[in-house]
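**Student:** If you read the sequences in order, they're chains U and Z.
Residues 1193 to 1529 in the numbering used here are what the first sequence lists, from first letter to last.
Residues 1193 to 1529 in the numbering used here are what the second sequence lists, from first letter to last.
Think of the hints as simulated: they come from the structure by calculation, not from any bench.
There may be inaccurate statements among the hints.
[Stated by the list, open to error] Simulated DEER-style distance windows between Cβ atoms: (1) U/1509 to Z/1399: 48 to 56 Å; (2) U/1409 to Z/1502: 40 to 48 Å; (3) U/1247 to Z/1399: 47 to 55 Å; (4) Z/1203 to U/1398: 17 to 25 Å; (5) Z/1207 to U/1311: 27 to 35 Å; (6) U/1492 to Z/1488: 55 to 63 Å; (7) Z/1226 to U/1398: 29 to 37 Å.
[As the list claims (entries may be wrong)] Chain Z is faced by these chain U residues, among others (derived, beta-carbon under 7 Å): (8) 1282; (9) 1283; (10) 1442.
Positions of the beta carbon are idealized from the N, C-alpha and C atoms, including for glycine.
2 protein chains.
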Amino acid sequence: MLTNRRFLLRRRPQGEPVPDDFELVSEALPVLDEGQFLVRNHYASLDPAMRGWMDDLDSYMPPIPLDAAVRASTIGVVEESRAEGFAKGQWVMGLNALEDYSVCAAGGFTQPIDPGLVPSVTNYLSLFGAVGMTAYFGLFDVCEPKPGDTVLVTGAAGAVGSIVGQLAKLHGCHVIGIAGGEAKCARLTQRYKFDAAIDYRGKDEAALTAAIAAAAPGGVDVIFENVGGIILDAGLMNLNMHARVGLCGLISEYNSTERVGARNLWRLIVKRASIRGLLVADYVARFGEGAAQMGQWAAQGKIVVDEHVDEGLENTYAAFMRLFSGSNQGKMILKIA
Amino acid sequence: MLTNRRFLLRRRPQGEPVPDDFELVSEALPVLDEGQFLVRNHYASLDPAMRGWMDDLDSYMPPIPLDAAVRASTIGVVEESRAEGFAKGQWVMGLNALEDYSVCAAGGFTQPIDPGLVPSVTNYLSLFGAVGMTAYFGLFDVCEPKPGDTVLVTGAAGAVGSIVGQLAKLHGCHVIGIAGGEAKCARLTQRYKFDAAIDYRGKDEAALTAAIAAAAPGGVDVIFENVGGIILDAGLMNLNMHARVGLCGLISEYNSTERVGARNLWRLIVKRASIRGLLVADYVARFGEGAAQMGQWAAQGKIVVDEHVDEGLENTYAAFMRLFSGSNQGKMILKIA
Chain U
1193 MLTNRRFLLR
1203 RRPQGEPVPD
1213 DFELVSEALP
1223 VLDEGQFLVR
1233 NHYASLDPAM
1243 RGWMDDLDSY
1253 MPPIPLDAAV
1263 RASTIGVVEE
1273 SRAEGFAKGQ
1283 WVMGLNALED
1293 YSVCAAGGFT
1303 QPIDPGLVPS
1313 VTNYLSLFGA
1323 VGMTAYFGLF
1333 DVCEPKPGDT
1343 VLVTGAAGAV
1353 GSIVGQLAKL
1363 HGCHVIGIAG
1373 GEAKCARLTQ
1383 RYKFDAAIDY
1393 RGKDEAALTA
1403 AIAAAAPGGV
1413 DVIFENVGGI
1423 ILDAGLMNLN
1433 MHARVGLCGL
1443 ISEYNSTERV
1453 GARNLWRLIV
1463 KRASIRGLLV
1473 ADYVARFGEG
1483 AAQMGQWAAQ
1493 GKIVVDEHVD
1503 EGLENTYAAF
1513 MRLFSGSNQG
1523 KMILKIA
Chain Z
1193 MLTNRRFLLR
1203 RRPQGEPVPD
1213 DFELVSEALP
1223 VLDEGQFLVR
1233 NHYASLDPAM
1243 RGWMDDLDSY
1253 MPPIPLDAAV
1263 RASTIGVVEE
1273 SRAEGFAKGQ
1283 WVMGLNALED
1293 YSVCAAGGFT
1303 QPIDPGLVPS
1313 VTNYLSLFGA
1323 VGMTAYFGLF
1333 DVCEPKPGDT
1343 VLVTGAAGAV
1353 GSIVGQLAKL
1363 HGCHVIGIAG
1373 GEAKCARLTQ
1383 RYKFDAAIDY
1393 RGKDEAALTA
1403 AIAAAAPGGV
1413 DVIFENVGGI
1423 ILDAGLMNLN
1433 MHARVGLCGL
1443 ISEYNSTERV
1453 GARNLWRLIV
1463 KRASIRGLLV
1473 ADYVARFGEG
1483 AAQMGQWAAQ
1493 GKIVVDEHVD
1503 EGLENTYAAF
1513 MRLFSGSNQG
1523 KMILKIA
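Given the sequences, and given the hints that come with them, work out the whole structure.
**Tutor:** Structure (structure tokens):
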């Protein structure tokens, strides 16, 4: 009989998650009801947003219940099916959990995918998944860059940021990225073709502000913000008139028990600028458009994506925590099987 | 010979301004050059924004130079003229300074006004001045309220806030105001017809958040923000989907050496909401439209304005500081002559 290893949330993290907040357990698989199908998960996406789902907050989706498996996007193969349209052997993608097997229902979020359309099936968790679509619609729809604009990307070596920067370059923008450490900064300019990279490490707000000003002497028209705190504050000091800040994430704050916040909101008044929150869920109906364009650019070699794959459900905690230490090199993916 | 009392900025305030940051001096009047005219100032507008102009910041206008008279909007009468179009006895309004007499130039910001068009000439510093136009364009153009929307106004008993609330009511919105103290809250609901008033005094962020939720159980669609800090943070916790925050001012931060900032920006992501900075200067070309509409509503008794007039250049400091203690009851105006 199959057993299902499941990575459970045992208690809500206080600040930075610790191993005891979670537990990897083995459970028997449930019997499928009519209309359900069982997915053997092969890969799971590890995303900063999952940290927010662990808190008991009124957010855009309910908190992960205690003692439930940690919610994650996964791709896998139908192992058994009592649902029409989901035959055994079919590759699927959905919002499931960090577990060997997920029970899904027809009509839910889990949908068929075609591995033959992409270089690697894992690309459905990066370029053609929530990450790529966040970059595409967040940049073009929310930030509305014009060719010639200066675009600042924070968390620029991360999964979303690295794609945003490449898209902005393809759009004819001057692109500056902020990342942690020399290696990541080199990756920004060499691999992702950013015009400039700023290493935030060892810099206070004043030094960051000066570094952005040096890289963007004409000011910044768009910020694609993934980080928050003093990095956002330094960006706000460099805004041009009518600048747009697309707020995608605030990773510097997710593990803080005391948030730093944004102290330079007065710059929005000075520059008649705006901050707008963005969430990829709003664009599900347009994913086809985004994926088609991304696929074309990827096939032409105009955009590259990096995936950092760690292996084994037993390594979930360490793999997840890379997102906050920044030790991942690309989209963080956990190989389950 | 006429002397000119002038209220000079002697040093940049550190945090809350103190009397020694300023000095009232008497100077001889300069001789007019060709194209100049001399204005006898009768009234000056005292505004929170002036506190920002005293700092050495890269803002929407240059800092007030040290040893210069403090910049302010004034209304007065032409005393002497070497400029075409500005005859002796003409009422004018302009961005001048806290002084008995201002030297103005034709083609500058100082323009003729007609006291016969308004109940009191001081209304050019309130309903028909920057304050009224900030409320009108800030609310309708930046916040885009729809009839039926719930609108939260912070600093609601202040010059701008009290007008914003009335405009939102005229537009068919459910309007909630936040102000300091029972008397101001009573004024919001009784005189300005707000649907509900919240006294921020004695409330921490959690209590403010709960008070807003109680007054707006369906959430808030628009925030007209004048205050910042925990008041803004509490507002952010109550946003509806696609809510708009018009950022007009951050009066709670103007005198802080250590800003509180906004710690709940993550709510913008959850609600796909936005914060947009607004400045009345952007709407100068449309002041005619705004003033005509405001004049009509005022004449119909649909909108009231309160002006708090303190008298005498020698009382400037105390009058200005009312803006931060909140002891003014309406638009703060200094009567100079």
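**Student:** All hints are to be evaluated individually against the structure, with a verdict given for each.
**Tutor:** Hints, one by one, checked against the model:
In this structure the hint that residue 1509 of chain U and residue 1399 of chain Z lie 48 to 56 Å apart at CB is violated, the actual value being about 37 Å. Taken as a hint, the range 40 to 48 Å holds for the pair residue 1409 of chain U and residue 1502 of chain Z, whose Cβ atoms sit roughly 45 Å apart. About 21 Å separates the C-beta atoms of residue 1247 of chain U and residue 1399 of chain Z, a value inconsistent with the hinted range of 47 to 55 Å. For the pair residue 1203 of chain Z and residue 1398 of chain U, the supplied restraint of 17 to 25 Å holds, since their beta-carbon distance comes to about 22 Å.
Checked against the hint of 27 to 35 Å, the pair residue 1207 of chain Z and residue 1311 of chain U fails, with Cβ atoms roughly 58 Å apart. In this structure, residue 1492 of chain U and residue 1488 of chain Z meet the distance hint of 55 to 63 Å, their C-beta atoms being roughly 59 Å apart. In this structure the hint that residue 1226 of chain Z and residue 1398 of chain U lie 29 to 37 Å apart at CB is violated, the actual value being about 47 Å. With 7 Å as the threshold, the beta carbon of residue 1282 of chain U stays out of range of chain Z, its nearest partner Cβ sitting at about 33 Å, so the hint is violated.
Checking residue 1283 of chain U against chain Z: minimum C-beta separation of about 30 Å lies over 7 Å; hint violated. Of the supplied interface hints, the one on residue 1442 of chain U holds, with its beta-carbon coming within about 6 Å of a beta-carbon of chain Z, less than 7 Å.
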